[in-house]
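Residue numbers (the numbering used here), protein chains in the order written: chain V, 5 to 174; chain P, 5 to 174; chain F, 5 to 115; chain Y, 5 to 115.
Calculated from the structure, these hints are not laboratory results.
Take these hints with a grain of salt, some might be off.
[What the hints assert, rightly or not] In the DMTMM-like style, the derived pairs of lysine to aspartate or glutamate whose C-alpha atoms are separated by at most 20 angstroms in a straight line are:
| no. | chain 1 | residue 1 | chain 2 | residue 2 |
| --- | --- | --- | --- | --- |
| 1 | F | Lys7 | P | Glu43 |
| 2 | Y | Lys7 | V | Asp70 |
| 3 | F | Lys97 | V | Asp42 |
| 4 | P | Lys106 | P | Glu130 |
| 5 | P | Lys106 | P | Asp129 |
| 6 | Y | Lys7 | V | Glu43 |
| 7 | P | Lys106 | P | Asp134 |
| 8 | Y | Lys97 | P | Glu126 |
| 9 | Y | Lys42 | Y | Asp14 |
| 10 | F | Lys76 | F | Glu12 |
| 11 | F | Lys7 | P | Asp42 |
| 12 | P | Lys99 | P | Glu126 |
[As the list claims (entries may be wrong)] Some chain V residues well away from chain F (every beta-carbon gap over 10 angstroms; in silico):
| no. | residue |
| --- | --- |
| 13 | Pro10 |
| 14 | Arg82 |
| 15 | Ser83 |
From a predicted model like this one, the values you see are computed outputs, not experimental measurements.
Where is the CB? At the ideal position from N, CA and C, for every residue including glycine.
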Amino acid sequence: MNAAPPPDGICLVFRSSPRMLCVVRAAVRQFLAQASFDEGLTERVTLAIDESCTNVIRHGYQGCEDGLMELTLGIAERSGRSRQLEIRLADEACKAPSEAMKAPAPSAPTTPGGLGLHFIHEVMDEVCFDENVERGNVLILRLGCPEAAEPNDGARASSGSDQGPGGSSC
Amino acid sequence: MNAAPPPDGICLVFRSSPRMLCVVRAAVRQFLAQASFDEGLTERVTLAIDESCTNVIRHGYQGCEDGLMELTLGIAERSGRSRQLEIRLADEACKAPSEAMKAPAPSAPTTPGGLGLHFIHEVMDEVCFDENVERGNVLILRLGCPEAAEPNDGARASSGSDQGPGGSSC
Amino acid sequence: MLKVDRREVDAATVIAVEGEVDLYSSPQMREALLAAIKAGSARVVVDLTGVSYMDSSGIATLVEALGGLREKGRALVLAGLRPRVREVFEIAKLQTVFTLAESVDAALADG
Amino acid sequence: MLKVDRREVDAATVIAVEGEVDLYSSPQMREALLAAIKAGSARVVVDLTGVSYMDSSGIATLVEALGGLREKGRALVLAGLRPRVREVFEIAKLQTVFTLAESVDAALADG
Ligand SMILES: Nc1ncnc2c1ncn2[C@@H]1O[C@H](COP(=O)(O)OP(=O)(O)O)[C@@H](O)[C@H]1O
Ligand SMILES: Nc1ncnc2c1ncn2[C@@H]1O[C@H](COP(=O)(O)OP(=O)(O)O)[C@@H](O)[C@H]1O
């Protein structure tokens, strides 16, 4: 792992300890707020990221608390008045089966297994592993969202071309 | 720069854009809160870190907004009932003169120059550059503080030995 | 980070939770729920007024408690959900599985 | 992230600031202050009730405005500082350099 945030992005590198989840959420919330995401979307995306981290801690590192985790948040301008949030979560755990992050089959409501995965898929547009990674896992979450109105910041140029923070697609 | 947080620590990697400062502060505040720092100390340390980042943005990268910055927060248990907060702020800017972070001389109160540096020294016990770094700068901030009472978490073992997150001293 | 308080009110146990419920903190809530189940009161009310965030581990903990109480013919009521927390129950499609109340008072009155 | 509002009250200009003042946001506060100085009112009141955080760039902005107003024989009053913000002024040893008021009303009455 070699943390390098996209422009206007940020990386968090931390160990697979549940204690760190609240710190990750605080950073995610403020990152989305400064990018003018509304509060509802901010809370849903925060939930999706938290559940993704929880999965790595529980299933990837299986409770071992000193595994490395690297969360990268970036926002790419897209053509027109829309932009795309791209989240990458890298770990050094054993390779997860490629179907591990697939949307769970609808199940009886009181079966809690798969609930985290359900949340992630409900919130995000795309959920997949980066197939080009050799060691560990890189989970990619993407969400298209409208361009924010930024009343106090006229400096933000709205570019017409697609400048994604990463290069890989699902 | 190669982000690797100490156990129970966290690294933030971001670009030298003033927009990111509020995200950094949110993460720092929650990191200190989960480590049971009280609110007053949390706000003072957050200020010292914010001012250190501001210095790198203004003086290190001179306003260029895509310089890399890496902030590492760690807490080392010390002997007895005390612990030490260690903060490292790495950049890839030109080497700062080694006296750049020395405490400013007391000046007339309405001279704003040097105010940030004054804040950092007022809040932290130790402020210095890591001399062992070849490229860029690594600023180290240290603060000794009493061991936190953790009413809801008896799992935290209080070790009797000095386990610093880093190895270098000022 | 989570604050969990338990008190007995007539035949009910009220568990007041404050803070964010996640993988780190949900075991604290679980402990209080298991103690309340053991204590045997006919109705367990979880006061979520002070909860600003809940993830799937929090929901799973509440689902577990619901099962444990129902099989003994006892009731679990969730009181005071904030809109953000309520939304998590809705995404989970569990808002109709649980008995929800506006407030602890409503949960206790509605016996 | 910062909200800055300017309004005229009798012979005073009141600038209400809300949010965190740092290197990114202090230019917004500075702009409002420069406009108020230009507008020429005898007294400029900065309402800091809504400010939860201020760093040295915020303080430097207020020091600059204080100088600009004083040299013209006009007044700058800072109103409603929260304890955390007040502490930053204290660490800067500037709490006695500025005129502080409990609230905007007090700042306006105390003419
Ligand atoms: N990082 C991962 N590595 C391996 N398996 C994973 C990973 N993340 C998720 N999974 C798989 O996906 C399943 C569903 O996860 P989740 O929705 O969090 O539900 P739960 O953990 O409550 O069973 C898990 O049971 C696990 O098998
Ligand atoms: N990262 C850095 N690189 C080079 N010089 C620095 C750096 N940080 C601080 N300095 C020096 O320290 C001085 C004091 O900084 P500061 O307290 O922030 O006051 P101000 O920036 O308001 O002048 C600066 O004028 C600068 O010369």
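For each hint given before, does the structure comply? Return the numbers of the non-compliant ones in rising order. Hints 2, 3, 12 contradicted; others consistent.
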